[in-house]
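Here this note's numbering is used: position 95 in the sequence shown is 99, and no number is missing along the way.
Where hints are given, some of them may not hold.
[What the hints assert, rightly or not] With a straight-line Cα cutoff of 30 angstroms, these simulated DSSO-like cross-link-like pairs (lysine-lysine) come out: (1) Lys-214 to Lys-110; (2) Lys-110 to Lys-65; (3) Lys-202 to Lys-214; (4) Lys-135 to Lys-212; (5) Lys-509 to Lys-544; (6) Lys-110 to Lys-44; (7) Lys-65 to Lys-115; (8) Lys-44 to Lys-115.
[Unchecked claim] Estimated spans, in silico, between C-beta atoms of each pair: (9) Glu-239 to Glu-27: 27 to 37 angstroms; (10) Arg-367 to Leu-116: 36 to 46 angstroms; (11) Gly-602 to Tyr-561: 19 to 29 angstroms; (12) Glu-464 to Glu-17: 51 to 61 angstroms; (13) Pro-545 to Gly-433: 47 to 57 angstroms; (14) Ala-520 to Gln-461: 55 to 65 angstroms; (15) Ser-689 to Lys-135: 47 to 57 angstroms; (16) Thr-535 to Ser-216: 54 to 64 angstroms; (17) Gln-461 to Pro-105: 51 to 61 angstroms; (18) Pro-545 to Gly-231: 54 to 64 angstroms; (19) Leu-196 to Glu-27: 24 to 34 angstroms; (20) Pro-238 to Val-355: 32 to 42 angstroms; (21) Asp-705 to Arg-251: 56 to 66 angstroms.
The hints are simulated quantities; they were obtained by calculation from the structure and are not laboratory data.
We put the beta carbon where it would ideally sit given N, CA and C, even for glycine.
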Amino acid sequence: MRISLNWLRELVEVTLAPEELAETLTIAGFEVEDIEDTRKMADGVVVGKVISVEPHPNADKLRVCQVNIGDANELLNIVCGAANVRANIFVPVATAGTYLPAIDLKIRASKLRGVRSEGMICSLAEVGIEKESAGIYIFEEENLQLGSDVRPLLGLEDVILDLTATANRADALSMVGVAREVSALTGAPLKLPELTEKSIPDNSEGLKVKISEPEACPAYIGTVISGVKIAPSPEWLQQRLKAAGVRPINNVVDATNYVLLEWGQPLHAFDQNRLQTVAGGDKLTIGVRFATSAESLETLDGQTRSLKQQTLLITANDQPVALAGVMGGAETEVHESTENLVLEAALFEPVAIRRSARSQGLRTEASARYERGVNQAELDVACRRAIALICELAGGEPTAQKTHDTRPDPSSWTRSIGLRLERVNQILGPVELAEEIGEILPEDVERILCALGCQLQRGESEETVTWTVTVPPYRYRDLEREIDLIEEIARLYGYDNFCDNLPDKTEPGFLSLEQALMRQLRETFRGVGLTELVHYSLVKPGEDKQVSLANPLFTEYSALRTDLISGLIDAFEYNLEQGNGSLNGFEIGRIFWRAEEGLAEADALGGILGGDPSQGRWVRGGHESPMTWYEAKGVLDCVFERLGLQVEYQPNRSDSRLHPGRTASLWLQGDRLGNFGQLHPQLRSERGLPESVYAFELDLDVLLDALSREENLTPRFQPYSSFPAADRDIAFFAPLKVSVAEIERTTQQAAGKLLESVQLFDQYQGESVPQGQRSLAFRLVYRAGDRTLTDQEVEPLHQKVREALLEKFGVSLRS
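Just need the whole structure built from these sequences, with the hints factored in.
What follows is the structure, encoded as structure tokens:
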């Protein structure tokens with residue numbers, strides 16, 4: 005909210021400089037985002053009078069003006085392009101050397117199309133009052149003192165604080181609320197606006213009020229004001245609205261906006277004759293109800309809005325005329341010919357207005373205040389203030405008023421809270437007194453809470469001082485418990501007055517085992533060339549076992565993901581569509597599903613591969629080479645090798661998104677780790693993906709459990725052999741159903757400890773290979789740590805391997 009210091013000083017006697025006041029408010033829990041000194045906007049701009057206007061000799065749209073700024077013998081020659089410039093008018097003139105911060109321009113004497121210009125005749129936009137101006141500003145006053153400062157005439161003698169209040173401080177969204185806060189912080193006297201009482205007849209014939217939703221609208225005051233004359237507002241009112249960032253419209257609308265800013269109570273003025281036209285009939289009944297889905301309403305912003313069932317409406321004889329608490333309707337707005345008004349002053353429940361505004365995608369000054377909660381005790385005060393102001397500015401006379409009030413008894417607008425001095429000091433701790441460290445005294449507590457408008461009744465016990473604190477109505481929604489009062493005491497006592505002792509002994513921080521292992525995992529996957537990805541856990545609904553949200557923000561994101569692969573495939577497709585090529589990435593995230601025993605969740609690690617790791621290099625002439633299944637598998641093998649894990653691959657067809665013949669399940673020490681495979685051709689075709697796309701998903705709990713074992717946590721040195729190895733190759737035909745992992749495991753068991761490694765280096769299916777079999781070739785490396793192995797030692801071991809393969813798998817040896 006933009007706070008005018010000139011306006012604020014009328015409500016509270018502020019003597020602090022703007023910077024000091026901003027610091028005081030900030031320390032007290034508010035946030036002053038900016039200090040705008042309007043006095044600097046027109047520093048050096050003076051009152052001038054245009055004596056004559058001649059056409060520019062070299063430009064059709066320019067005029068050459070002779071301007072008097074106080075010395076009739078030395079007129080300024082100024083070139084002006086405004087269409088409304090003419091002789092014998094008083095205008096603001098920026099002389100040479102003046103800096104205009106609104107347009108970031110320093111005025112210098114120069115030539116424009118060959119004619120010397122010695123200043124600039126200004127518009128309101130150029131002095132920072134308006135965003136856009138059609139022409140130069142012309143003073144309405146006559147006989148102004150030439151050469152005098154224009155700032156008093158334009159209202160540029162103010163300082164604006166751009167103040168942001170926390171969500172719980174609805175009372176601070178008004179000048180009166182800020183004045184109360186400043187009074188409490190500084191001790192300055194508070195001077196609230198004086199209210200004039202007007203006797204208004206309760207005329208049921210002139211107006212009726214019918215509230216169909218009393219919970220959404222606890223109170224409604226409708227006042228008929230007859231005989232008004234619509235005109236521009238006086239200059240003082242327009243300047244205050246502009247300082248607050250509100251555009252002046254006319255005297256009636258400006259009066260309602262002024263009361264909104266002053267008291268924080270939204271109001272709305274209807275044209276009574278237009279209301280009667282929309283309502284039809286002879287009598288007028290103002291109502292409040294929720295909309296039906298078939299209704300629509302054109303609002304003041306010129307948009308026709310389709311209403312929804314949660315939209316709260318103001319009606320005239322049940323015809324929609326305004327969005328309650330949000331925005332008025334275009335058909336019933338106050339216009340130049342308006343003579344009779346219906347002034348609305350109402351209370352609406354925050355939840356109802358929040359839902360109503362959200363259903364229409366609207367947020368206005370009125371809805372922002374209703375959503376936080378308007379002070380119900382000052383509804384009548386704001387209404388009387390607005391009636392008096394309208395009658396003062398637009399004439400007219402209130403002729404009828406009708407009230408519907410279901411508010412509870414005024415005694416319930418306040419609450420009593422118990423407060424203990426011992427608890428105050430226990431929470432806040434020691435404070436810095438004059439020359440020593442001590443505790444907050446009872447006198448300080450009473451001074452602070454009384455300054456906030458609370459009433460205190462003191463009671464003393466043997467242990468501590470206690471109070472019964474009665475909260476004022478304008479802080480009813482904010483101060484609910486003892487801890488809220490303690491917070492207020494801390495704010496006004498000053499956070500900078502509390503002691504800031506550090507702990508006696510500090511200890512260095514550390515990572516938990518799980519955190520350290522997670523970092524190790526991320527570093528390892530990044531080390532093999534994968535980019536870490538992050539996706540939302542919310543996905544589109546429609547899959548089996550999905551967990552659906554009861555109150556989603558959007559229909560497209562109304563369920564929780566059951567795996568990571570679907571999101572990774574979407575990311576791969578999006579990357580291709582954006583022209584960024586294939587994606588090699590991994591993601592660590594949580595997945596959710598419906599189990600027999602209820603809802604379940606777990607952490608998972610997924611990845612997708614398909615990009616050529618050598619793309620862009622000269623070795624392939626700049627051509628992309630698709631990643632093979634073995635290259636993709638090699639990336640995972642590299643990860644497992646770096647982590648020191650022995651992972652086995654077994655054929656698998658459980659995931660319909662993966663190629664049934666190129667998919668493997670991963671096993672780690674007998675536990676199911678996850679799946680790895682190539683995307684199914686049908687899925688690739690539907691999504692427009694290349695052939696060489698591979699995906700994997702691992703159970704993170706199984707992975708972390710294996711990494712956290714002692715043998716993996718503590719690196720162990722194994723001496724390497726300095727003696728040469730003995731290589732042997734073995735080739736055979738094996739049934740297709742026998743996996744390479746099974747063959748490697750059997751080979752290792754048969755050869756014993758002297759077998760250092762076994763590696764598949766060739767596979768063939770086709771001509772000369774028996775039906776239902778494939779040709780496999782392995783290289784076996786034998787090595788001893790203390791000697792060079794002889795053929796007599798290697799051959800028996802190699803023969804054992806042959807025999808084991810023949811016996812267990814029925815292979816046909818080729819070598």
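Checked hints:
For the hint pairing Lys-214 with Lys-110, the CA-to-CA distance comes to about 60 angstroms; that exceeds 30 angstroms, so the pair is violated. With a CA separation close to 23 angstroms, the supplied pair Lys-110 and Lys-65 stays within the 30 angstroms bound. Restraint check for Lys-202 and Lys-214: the C-alpha separation of about 24 angstroms stays at or below 30 angstroms, so the hint holds. With a C-alpha separation of about 42 angstroms, the suggested pair Lys-135 and Lys-212 falls outside the 30 angstroms cut-off, and the hint is violated.
Distance hint between Lys-509 and Lys-544 is unfulfilled; the C-alpha atoms sit about 51 angstroms from each other, more than 30 angstroms. For the given pair, Lys-110 sits about 13 angstroms from Lys-44 by alpha-carbon distance, which is consistent with the 30 angstroms threshold. Simply put, Lys-65 and Lys-115 have alpha-carbon atoms about 16 angstroms apart, close enough for the 30 angstroms limit, and the pair holds. For the suggested pair Lys-44 and Lys-115, the alpha carbons sit about 27 angstroms apart, so the restraint of at most 30 angstroms is met.
For Glu-239 paired with Glu-27, a C-beta distance near 32 angstroms keeps the hint of 27 to 37 angstroms intact. Range check, Arg-367 to Leu-116: Cβ separation about 45 angstroms, and the 36 to 46 angstroms hint holds. At roughly 23 angstroms, the beta carbons of Gly-602 and Tyr-561 sit within the given window of 19 to 29 angstroms. The beta-carbon spacing between Glu-464 and Glu-17, approximately 35 angstroms, falls outside the hinted interval of 51 to 61 angstroms.
At about 51 angstroms, the CB distance of Pro-545 to Gly-433 agrees with the hint of 47 to 57 angstroms. Distance hint check: the CB atoms of Ala-520 and Gln-461 are about 57 angstroms apart, consistent with the given range 55 to 65 angstroms. Between Ser-689 and Lys-135 the CB atoms are about 54 angstroms apart, so this pair conforms to the stated range of 47 to 57 angstroms. Take Thr-535 and Ser-216: their Cβ atoms lie about 58 angstroms apart, and the range 54 to 64 angstroms holds.
In this structure, Gln-461 and Pro-105 meet the distance hint of 51 to 61 angstroms, their C-beta atoms being roughly 54 angstroms apart. For Pro-545 paired with Gly-231, a C-beta distance near 60 angstroms keeps the hint of 54 to 64 angstroms intact. Distance hint check for Leu-196 and Glu-27: the Cβ-Cβ separation is about 25 angstroms, which falls inside the suggested range of 24 to 34 angstroms. Evaluation of the 32 to 42 angstroms hint for Pro-238 and Val-355 yields a pass: the beta carbon distance comes to about 39 angstroms.
The beta-carbon spacing between Asp-705 and Arg-251, approximately 60 angstroms, falls within the hinted interval of 56 to 66 angstroms.
When each numbered hint is compared with the structure, violations occur for hints 1, 4, 5, 12.
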